[in-house]
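Residue numbers (UniProt numbering), protein chains in the order written: chain P, 1 to 387; chain B, 1 to 352; chain X, 1 to 317.
The hints are simulated quantities; they were obtained by calculation from the structure and are not laboratory data.
Keep in mind the model is a prediction, meaning the values are calculated, not measured.
Here a beta-carbon is modelled for each residue, glycine too, at the ideal position from N, C-alpha and C.
Heads up, some of the hints might be wrong.
Stated by the list, open to error - Some but not every residue of chain P turned toward chain B, in silico, with C-beta under 10 Å:
1. Val89
2. Glu91
3. Ser92
4. Gly200
5. Ser231
6. Gln235
7. Val236
8. Asn238
9. Arg262
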Amino acid sequence: MADLGKKDEAVDATPNVTDVETVDAATEAEAVAAIEAPVERGEPILQVRNLVKHFPLTQGILFKKQIGAVKAVDGVSFDLYQGETLGIVGESGCGKSTVAKLLMNLERATAGEVFYKGQDITKLSGRALKAVRRNIQMVFQDPYTSLNPRMTVGDIIGEPFDIHPEVAPKGDRRRKVQELLDVVGLNPEYINRYPHQFSGGQRQRIGIARGLALNPEIIICDEPVSALDVSVQAQVVNLMEKLQDEFNLSYVFIAHDLSIVRHISDRVGVMYLGKMAEIGTDVQIYDHPTHPLHPGAAVGGPGPGPGSPRQPRADHPHRRRPLAGEPAVRLPLPHPLLEGAGQVLHRDAAAGDPGALPGPGHPGGARIGVPLRRGEGRGPRVLTRGT
Amino acid sequence: MTTVDKTATVPSPREGDTHDGPLLEVRDLHVEFHTRDGVAKAVNGVNYSVNAGETLAVLGESGSGKSVTAQAIMGILDMPPGKIPQGEIFFRGEDMLKMSYEERRKIRGRKIAMIFQDALSSLNPVLTVGYQLGEMFRVHHGLSKKDAKAKAIELMDKVKIPAAAARVSDYPHQFSGGMRQRIMIAMALALEPDLIIADEPTTALDVTVQAQVMDLLAELQREYNMGLILITHDLGVVADVADKIAVMYAGRIVEQAPVHELYKRPAHPYTRGLLDSIPRLDQKGQELYAIKGLPPNLLRVPSGCAFNPRCPKADDICRTEIPALAPVTEQDGTELPGRGSACHFWKETIHG
Amino acid sequence: MPDVTKTVAAVEDAVAPPSAAQPAPAKNKDKARSLWGDAWQDLRRNPYFLVSSVLIFILLVITAFPSLFTSASPTVGDLVHHFNGKPELGKVGSEGWLGYDGQGRSVYARLIYGTRASVIVGICVTLIVTVIGSIMGMIAGYFGGVVDAVLSRITDIFFGIPFLLGAMVVLQSFTERTVWVVVFALAFLGWTQITRVMRGAVITIKQADYVHAAKALGAGTGRILLRHIMPNAMAPVIVVATIALGGYISAEATLSYLGLGLSSPTISWGVDISAGVNQIRVAQHILLYPSIMLSLTVLAFIMLGEAVRNALDPKLR
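Modelling step: build the complete structure from the supplied sequences, incorporating the hints.
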């Protein structure tokens, strides 16, 4: 991939991220101007600080009383550099999809900021927000629900131009749509077909074409290949990499398939229980995991090592080695639901056996005290803040 | 953690177990679906067999016919629109397709059990898991409520659900995905079937949990000496657990091999393509190998070898003649037991 | 080995559909087919749909041009025929075909002219109800929260009023009960069903990724509602509305029969059924034919609704 200045250095992550150079825009026009300004390759383009999303749990029908909260995202910070791919992995329920929705401003954050070119997009509205929307796009997981079944492919890919008419003059749109179809590897003559006439992989290409239409700078990909057939996944990953080079895109690539995340990402963040447990280059994360989530996770993904293209398959490197115990297995409800579960775990950990923890990891990989798992009959482990 | 007492209940040989061929044998099975747009040929002549104590993994993408075959074996195919125009399914030497409805019903659940992908929708949300597990014993063995509950706890222990006695009265939604899948496994085991068919049992689970569930299945299979058919699309999941693998494409088995052989030396371009498209470390930053084209439309399966439009080795013969599943041999002609490839160019694929 | 190959190929040929049948679906596939287009393909081959649509077409023509079907007047009676008017079934379409009523008026002519009231009530009520119900349901479903709570409770209140009883009360408060008053009374109470269906559909659809995608593009509420949510939520509404249409026609007849709906001189099947009951011992045909017409009409709309439902059901595709 591109040689990003920071790539091989230790990248600080939660909570020690760099300071954000904020832009104070007095007027909407200034805000829009700041959003339109280009960003140098390797500079941070998106900076997320202490992002929190709690879904309140309420009781009562008429007089609603909040009895707790699902802490879907509980203080996530990271930087996305221009031109890089940041992978975010985690188990189901760890909050990674909610992060995607928050970055897209599809959900309102409970707290925290998302700085895009120095402006907090969670506080924008009107024209400025619309300008941000043009520059941050999304590719969805399920190609069967992400395309309106009653619109033709031409309407779907052309809709961005209807919403942002300034991008393409009206007479030009059909040609633009056909160009986009061509770019994502579909026959431009398919413009009048409907989504259900396509297979899953083709639909995902349509979704990508829609995301590209406005020429965005960032694309948030929420599990873009996990709903696709194995033989098609590689095609879509290749397409996304090709487009990144061609259009100078930055990706946030959310997935649970670690081998694909590792392949496509410059840096990888690991989310656990709504927090960013660790973030670093793929080598830091996969080869020197400081987080016991990985022994299972990291081994599960990557294929054979260099220099032995086929041989190691005999030892079936693809198999996922079991990680003893299931996350939060004793807890009666999915983990993020539990108010105060974290505290309990912390207390347990204090009494637990810190010797069982992996030693301090590589320098620079940021670690925070996140409860890791509640094993069956084993004391929960916790990582303390690293070196 | 519950340890399984290995000295206890060693399964005695099953009664009536006089048949000595394979436990299950599928012969030339065809399944088609009559839809508005025409006849979708989902399964086009599948042959495979499973012995007691053996695990067969059936690998394929969506539309390969892997699940439809399993549904035909279970007798849970929706007919219509489904239809089995041809083929035989022998269970202990008897063709199940010729059995009466009542005979088949007796086999289902008792002799052949199935585990589905989505454990949550397979469990009744308003009944406790203990009740649902115990139901088997109450209905089939006429046990009392109390005894059935004890049996349920025993089963939950068996599938390593921690604190089974305490959790027997919990409802399905109170369990995590992996635990629910364990409960499904416990239900399948309840009547000690001879064969379990697991249709994508770990697909809906987190990566970290998949291996646990897979290992549990393998362990129980050994313990009960059952036959196991594992249906999956994930090459990684089955590597350790299966004895042999059948790779399906467009309703046909394109390659069959003992599990390690398949990973080491695929003898069909499709299998090779699947293995090659898994991202590898030394390829980072490069383009991934990708099988070109799209999975076939079952309404219009390409003539000849169904894989020919996507195959890098395709030649004229591939477009006209359907390759049979031929035995695969070493270069010097030594037979490779259990291997077969339905490719005109299997020699080049495995040895070239 | 080559032998084996051949056998398999032969087996394959035996199972394969005749090759001539192959190109046809292929050609079909290359066309753009919308979901409605697909549903139409399905409907065209559905005998229920064909029968019901032919019936409904005839009804609509009768509604528009009753004089094409009979030259007799529905209001002019000749007392010569009073209770003498047994049907002359051989003379199809003639004035006396289906006999005469107590006042010597042609039953056939009254049947033809009575269609208009029933069909107008059915169609108008359905249209009004669909528009009001869809808007209410869409607002409640899309905005949720307090808006939903308020609208849903209002809907519940109206839903709680027994339909016919409520309509009677409404009609009681009018001195002159024309077709439009009946339409008002039925629509006043009928919109709740559509609201509920619409609200449910919208709540499901607004969580679809394509709605998120439109929002992510910066689409406004209007565009999301009109371009994305409404076209997808309409299918169940259309089905429910079509089936309900038959129900409104029979509700009109019921109200007229009870003397609370339309009344003479307005011509309606309900009015005639009501009159026919009084003479059931002497002249059954006065009751019989309007009842048959009413049943056929209601059946036609219900069959149409069911056919559309089956055609739109995604599970069958």
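Evaluation of the provided hints:
no., hint, result
1, Val89, "holds, 9 Å"
2, Glu91, "holds, 4 Å"
3, Ser92, "holds, 6 Å"
4, Gly200, "holds, 8 Å"
5, Ser231, "holds, 4 Å"
6, Gln235, "holds, 4 Å"
7, Val236, "holds, 9 Å"
8, Asn238, "holds, 5 Å"
9, Arg262, "holds, 7 Å"
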